[in-house]
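2 protein chains.
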Amino acid sequence: VNLHDIGEFGLIERLKAIVASKDPQVVLGIDEDAAALRMASDRITLFTVDALLEGVHFDLSYFTFYQLGWRAMAANLSDIAAMGGLARWALVSIALPPQLTVESVEELYRGMRNLADRYGVTIVGGDTTGSKSGLAITIALLGEAEEGALKTRSGARQGDVLAVTGALGGSHAGLMVLRHPKQLDRQRYTVAVNRHLMPLPRVEEARWLAKHLDVTAMIDLSDGLASDLGHICRLSGVGAEIDAMRIPFAPGLAEVASALGQNPLDWALTGGEDYELLFTAAKEGFEEGVRKAPLPVTVIGKVVSQERGIQLLDSSGRRTAVSGGGWDHFKRET
Amino acid sequence: VNLHDIGEFGLIERLKAIVASKDPQVVLGIDEDAAALRMASDRITLFTVDALLEGVHFDLSYFTFYQLGWRAMAANLSDIAAMGGLARWALVSIALPPQLTVESVEELYRGMRNLADRYGVTIVGGDTTGSKSGLAITIALLGEAEEGALKTRSGARQGDVLAVTGALGGSHAGLMVLRHPKQLDRQRYTVAVNRHLMPLPRVEEARWLAKHLDVTAMIDLSDGLASDLGHICRLSGVGAEIDAMRIPFAPGLAEVASALGQNPLDWALTGGEDYELLFTAAKEGFEEGVRKAPLPVTVIGKVVSQERGIQLLDSSGRRTAVSGGGWDHFKRET
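Protein sequences appear in the order of chains A and B. Residue numbers for the first sequence follow the working numbering, so the first one is 64 and each next one is one higher. Residue numbers for the second sequence follow the working numbering, so the first one is 64 and each next one is one higher.
Just so you know, the hints here were simulated from the structure itself, not pulled from any lab data. Even glycine gets a Cβ: it sits at the ideal position worked out from N, Cα and C. Hints are supplied without guarantee of correctness; some may be wrong.
[Stated by the list, open to error] Below, in silico cross-link-like pairs of lysine-lysine (DSS-like), each with a Cα-Cα straight-line distance of 27 Å or less:
1. B:LYS195 <-> B:LYS274
2. A:LYS274 <-> A:LYS346
3. B:LYS274 <-> B:LYS346
4. B:LYS346 <-> A:LYS245
5. B:LYS365 <-> B:LYS355
6. A:LYS195 <-> B:LYS245
7. B:LYS245 <-> B:LYS195
8. A:LYS195 <-> B:LYS355
9. A:LYS365 <-> A:LYS346
[Unchecked claim] Chain A stretches covered by chain B per the calculated footprint, using a threshold of three residues with CB under 8 Å from any CB of chain B:
10. 118 to 126
11. 149 to 158
12. 194 to 202
13. 214 to 223
14. 252 to 260
15. 322 to 334
[Said to hold, decoys possible] Facing chain B, according to a computed beta carbon distance under 7 Å, are these residues of chain A, among others:
16. GLN88
17. VAL89
18. ILE93
19. ILE107
20. THR108
21. PHE110
22. VAL112
23. ASP142
24. ILE143
25. ALA145
26. MET146
27. GLU350
28. VAL353
29. PRO357
30. LEU358
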């Protein structure tokens with residue numbers, strides 16, 4: 064079915080059926096100028112927005128619409144998780160090129176809905192518009208956190224441990240597999256490819272860390288380790304030392320990088336979109352606490368004084384400065 | 064200054080300076096993964112999102128960046144106003160073509176900030192990304208309303224009066240002036256042109272109406288009278304009769320339409336983006352109440368039974384069905 068056959072309001076009716084839910088805190092939903100929500104009164108409200116643009120963030124030659132919806136929702140969920148909060152309500156603003164089928168748009172919404180459902184998030188409305196260029200999906204997400212549970216980028220202190228969840232560089236490796244189908248067999252690197260196409264945000268994991276460790280700063284790895292660590296250091300007024308040998312490489316990372324003649328360490332440092340958590344925590348009690356963690360946590364370094372900047376310690380004991388790097392929309396090409 | 068000279072994070076620093084504010088309810092702002100807000104506990108939260116895309120909603124040949132920022136914020140403010148609420152916090156997601164200058168982006172943010180300031184709205188963060196096609200501005204807005212003050216599209220009842228604020232068709236007339244610079248002199252139609260470029264949302268006015276009249280349903284006129292009235296009728300389960308002779312024509316509408324050989328009534332019915340309010344209210348007490356209104360309110364018809372649909376009563380007493388019309392992103396061309 065073509066979009067112009069059913070029109071904007073016909074499309075909205077079909078999408079409503081996909082996102083329908085019975086959330087008692089939703090007073091008014093999609094049909095109104097704005098969604099009306101009854102929020103818990105003793106919480107801090109968290110509010111974030113993230114856009115995913117065709118040709119910039121994704122390419123429809125390797126993303127299915129379902130995966131794309133999932134991926135868009137994941138990035139937003141990850142932002143709320145990194146603050147120590149729980150996501151609750153989403154608005155979806157979508158710009159659709161006229162040649163898209165209604166069924167494709169429905170698949171996109173199914174992907175969003177299914178990931179949202181896992182974490183108790185309801186899609187309560189949005190905005191639908193035509194696009195003269197590519198497909199664009201912008202999600203605004205509202206969450207909440209107990210005031211004491213809130214985690215920021217600004218609390219890291221000298222002497223804290225620096226740690227990550229999971230493994231790094233998988234999303235970038237997956238993207239490279241998708242972009243080089245002649246050299247690399249997609250079937251062989253399923254884990255990396257899936258990490259890129261359908262990342263799972265660390266929602267429960269972030270809550271666990273915030274509750275059981277003395278987490279001083281936290282951020283999700285969306286731009287890449289070097290860049291995201293840069294945010295923590297800048298806002299906390301500290302430096303950091305990363306032990307290169309301790310960075311957990313994602314499955315497939317080393318192989319894919321080597322097949323393309325690249326350095327996997329570079330990808331682990333600057334490849335974004337892993338949606339793992341990077342955090343700092345007080346040293347005291349860290350070892351015992353982390354032993355009970357329901358997810359892999361790896362200490363990759365420590366927080367040092369601001370003057371020392373961000374340094375990478377390599378296997379031969381040499382220290383080199385890490386210069387931000389990572390994703391910058393205006394400085395580098397995709 | 065070019066975007067690639069200062070990079071994404073350099074740009075964000077400059078935009079931070081423009082949107083900086085001292086809102087005591089903002090716990091954490093732009094530097095974090097999500098904004099953290101302390102909302103009033105006895106209010107309903109209102110949540111809306113709206114996108115403005117180059118080539119679809121606007122053309123940089125006649126919009127300044129400042130006007131564009133203003134215009135983007137106006138559309139969102141209007142949505143919260145139409146619900147009877149007060150807007151409070153905004154997130155701005157922006158996709159920037161690489162050739163834009165930093166100064167243009169700053170002007171855009173100044174336009175947003177200045178309109179936001181008028182209504183006590185703080186820009187608390189957002190998302191900045193490159194664009195391979197045009198400029199895109201998506202604003203998510205959070206507001207609040209006392210539970211009793213909330214106005215919806217679903218409460219219109221048979222016998223209610225149907226009214227609008229201000230005058231209609233001005234934005235569309237202004238757009239036509241901008242699009243036909245050879246035939247129409249922009250200087251002569253300043254009011255209409257300004258209505259298109261820098262609309263003023265009816266924020267205080269909506270609050271006044273909600274407080275002093277027995278408003279049963281309200282919506283802002285963004286898609287056009289026919290279409291927006293269609294939403295009220297569908298959701299309220301009613302029909303409506305519009306008296307064509309009573310529709311207030313905006314300054315310039317009749318002249319511009321006639322210069323282009325078009326029917327001004329069509330533009331008043333289907334030209335969107337006026338950001339006036341369309342509402343229904345109980346008949347009792349309406350006349351007295353509206354006499355004290357701090358804004359022009361015009362009764363344009365009445366609410367009738369659903370079976371009668373939406374009808375237009377013309378000067379000769381003939382009734383014709385109004386068929387939705389108005390803005391549909393997938394059915395019509397701009």
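### Query
Does the structure break any of the earlier hints, and which numbers would those be?
1, 4, 7, 8, 14, 15, 16, 17, 18, 27, 28, 29, 30
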